[in-house]
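Asks: Here is how the chains run, residue by residue.
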Amino acid sequence: MSGQTLYDKLWNQHLVKQRDDGTALIYIDRQLLHEVTSPQAFEGLRLAKRKPWRLDANLATPDHNVPTTLKERAEGNSGIKDPVSLIQVQTLDDNCVEYGIEEFKINDPRQGIVHVVGPEQGATLPGMTVVCGDSHTATHGAFGALAHGIGTSEVEHVLATQCLLAQKMKNMQVRVEGELGLGVTAKDVVLAIIGEIGTAGGTGYAIEFAGSAIASLSMEGRMTVCNMAIEAGARVGLIAVDDTTIDYLAERPFAPTAEQWEAAVADWRQLVSDDDATFDKVVTLKAEDIEPQVSWGTSPEMVTGISGQVPDPQAALDETVQRSHTRALEYMGLHANQKITDIKLDKVFIGSCTNSRIEDLREAAKVAQGNKVADTIKLAMVVPGSGLVKRQAEAEGLDKIFIDAGFEWREPGCSMCLAMNADKLGAGEHCASTSNRNFEGRQGYGGRTHLVSPAMAAAAAIAGHFVDVRSLSANDATHAQEA
Amino acid sequence: MKKFTRFEGVVAPLDRANVDTDLIIPKQFLKSIKRTGFGVNLFDELRYLDEGQPGQDCSNRPLNPDFMLNQPRYKGAEVLLARRNFGCGSSREHAPWALEDFGFKVVIAPSFADIFYNNAFKNGILLITLSEEEVDRLFVGVDANEGYQLDIDLENQRVITPGGEILEFEVDAFRKHCLLNGLDDIGITLQDEDAIRAFEQKHKDARPWLFRQPA
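Protein chains in written order, with the UniProt record's numbering: chain G, 1 to 483; chain V, 1 to 215.
Fair warning: there could be bad hints in the mix.
[What the hints assert, rightly or not] In silico BS3-like links for lysine-lysine, alpha-carbon gap of 30 Å or less:
1. K75/V - K2/V
2. K344/G - K372/G
3. K2/V - K17/G
4. K176/V - K168/G
5. K170/G - K286/G
6. K75/V - K17/G
[What the hints assert, rightly or not] Reference listing, derived: stretches of chain V covered by chain G, where coverage requires no fewer than 3 residues with Cβ under 8 Å from a Cβ of chain G:
7. 69 to 76
8. 86 to 94
9. 116 to 127
10. 135 to 148
11. 172 to 181
12. 201 to 212
[Stated by the list, open to error] Some chain G residues near chain V, calculated using beta-carbon distances under 7 Å:
13. Q18
14. D21
15. G22
16. D56
17. D134
18. Y445
It is worth saying that the hints were derived from the structure and are not from the lab.
Just so it is clear, CB atoms sit at the ideal spot from N, CA and C, and this is done for glycine as well.
Take the sequences, apply the hints, and build the full model.
Replies: Here it is as structure tokens:
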């Protein structure tokens with residue numbers, strides 16, 4: 001019999017009951033809650049007169065709706081000008097108080113995007129099952145945790161039963177072998193993977209990311225890769241536990257201590273796929289082939305390298321693809337064969353659960369340092385992923401670098417990734433964004449999103465159009481603008 | 001949840017691949033704390049020519065005449081015919097809530113995104129996966145015949161076209177059972193309460209750090 005994959009091990013460790021009809025009951029160790037997908041779940045509990053099964057498995061924070069200017073945030077919840085958003089955030093607060101669930105409220109320094117907060121607190125641990133009513137829950141798989149997004153009915157199901165009804169997924173391994181070039185980041189790796197396998201390539205699978213290039217990534221980088229597993233169609237992204245994982249977790253508030261730490265680490269070391277494990281599908285990419293990526297269309301698979309160009313829809317073999325590409329170019333206001341470096345930007349957004357951690361901000365700051373945002377850019381904003389990331393960045397002086405360069409330095413939240421708060425694109429505006437989705441209208445009605453890494457976003461802000469971040473040392477960006 | 005019974009319904013075609021949940025229901029409508037009322041904003045950006053706001057009266061908004069749901073021939077549609085990877089993107093259950101509130105009971109496509117698939121069934125919506133060729137043929141049929149209806153027979157797992165062609169489909173036994181009987185799956189899970197408690201204790205003994213709270 002062949003060995004087990006990491007996913008197989010996590011599944012088996014949480015299997016409460018396998019039913020004859022193919023479904024299984026899986027025990028959930030951690031549920032993260034935010035204001036958008038939880039109110040109807042709590043309402044469902046109340047209507048059915050049910051109580052949460054295990055309060056301490058839940059951790060809540062508002063993130064999607066919160067304003068990001070200091071002025072608004074100074075007023076707490078009352079700084080939320082949109083009355084509908086305010087009700088939603090207030091409802092989360094009320095529900096957490098009513099049921100006794102721990103919540104990092106709007107101005108708690110620990111507040112932030114759920115997928116930044118969980119790992120930062122050590123509330124996400126290797127070997128856990130982690131769920132949240134948000135598709136980017138795949139992020140937590142970077143720790144060797146079985147983590148995926150769920151709908152609101154499932155949020156209610158987990159609150160009431162501490163379990164989820166699930167069917168086992170298939171196993172896919174995506175290997176990235178070799179050494180990443182200078183200026184090529186985790187974001188470029190995952191965008192290249194999505195470009196390769198497509199947005200439905202991982203449907204029905206749990207993807208384990210492996211290979212030397214993945215192992216060389218920091219935890220921040222690994223979270224960026226797993227975060228976008230869902231954009232490749234897979235609910236679950238996973239990376240095996242190693243020293244990088246364990247070093248990151250030591251002394252986090254929710255992490256075990258003393259003797260329990262030693263026992264936990266010994267257990268976590270087992271969270272790797274066995275050498276003789278079999279995968280239903282294996283995809284391999286060469287790290288050397290990956291260049292900084294830019295999405296040109298309205299689906300994350302519509303992506304290419306910075307040296308590339310917008311494709312000609314007529315060149316697509318499949319008629320459905322031809323029509324999708326034609327529609328995408330029309331929406332994006334681009335033309336076939338246009339060079340990526342010729343795409344001019346109106347706004348720049350550095351943030352989101354994909355790229356708002358300290359390392360992301362450092363990479364962007366390195367490019368921004370000593371430069372100025374181009375005059376043609378209407379708004380360039382940096383939105384840290386949590387209050388603690390913000391504090392750390394300020395301790396390192398990154399805020400000053402951004403502000404001096406002409407970026408706005410904001411308060412933590414999801415912000416313009418999905419534009420549920422006031423941060424959004426106007427119709428027709430092009431945005432270099434470190435977020436995860438470039439769907440029509442995602443960042444604002446008629447807005448045009450280009451997905452990139454933090455360094456590429458910063459370089460684009462300075463040049464006013466896309467530039468190859470590898471071609472500039474930090475101070476050259478201004479010359480690119482003048483050229 | 002209502003029981004899912006056999007019916008014949010008008011088919012509305014959405015000829016577009018990778019329809020994401022942002023397109024099904026844009027984010028501004030996610031601010032509601034209710035489960036109902038999303039139907040008027042289903043496909044908001046395709047359906048109307050202006051930008052919609054939550055709580056707005058939609059009866060006076062300019063309609064996009066090219067969008068199929070605004071065409072009289074698809075009025076009262078209960079079956080949505082779509083292309084591959086339908087429902088990709090975010091986990092928002094507001095997407096099936098909007099489809100259901102509008103009146104759709106069934107979506108037929110060559111493939112669906114995983115999270116949407118779960119969410120739809122939990123709201124009584126049947127998702128039917130057919131081959132690309134079968135879906136192509138249905139698009140041709142819908143286009144050629146005004147008032148085109150399909151007979152949806154979940155019990156026997158088949159779709160019957162007006163011409164009498166029978167298209168069989170797969171659906172897992174548990175989801176089918178829940179739909180046909182209108183069952184709430186929390187109630188079903190709680191029948192296993194003892195098994196869950198026993199597992200929880202064993203799990204806690206083996207890995208106590210998973211149950212630890214910060215100091």
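Asks: Take the hints in turn and mark each one as holding or not.
Replies: Tested hints:
no.: 1; hint: K75/V - K2/V; result: 22 Å, holds
no.: 2; hint: K344/G - K372/G; result: 16 Å, holds
no.: 3; hint: K2/V - K17/G; result: 27 Å, holds
no.: 4; hint: K176/V - K168/G; result: 18 Å, holds
no.: 5; hint: K170/G - K286/G; result: 24 Å, holds
no.: 6; hint: K75/V - K17/G; result: 45 Å, violated
no.: 7; hint: 69 to 76; result: violated (count 0)
no.: 8; hint: 86 to 94; result: holds (count 6)
no.: 9; hint: 116 to 127; result: holds (count 4)
no.: 10; hint: 135 to 148; result: violated (count 0)
no.: 11; hint: 172 to 181; result: holds (count 4)
no.: 12; hint: 201 to 212; result: holds (count 7)
no.: 13; hint: Q18; result: 11 Å, violated
no.: 14; hint: D21; result: 4 Å, holds
no.: 15; hint: G22; result: 6 Å, holds
no.: 16; hint: D56; result: 6 Å, holds
no.: 17; hint: D134; result: 6 Å, holds
no.: 18; hint: Y445; result: 4 Å, holds
The structure does not agree with the numbered hints 6, 7, 10, 13 stated previously, though it agrees with the rest.
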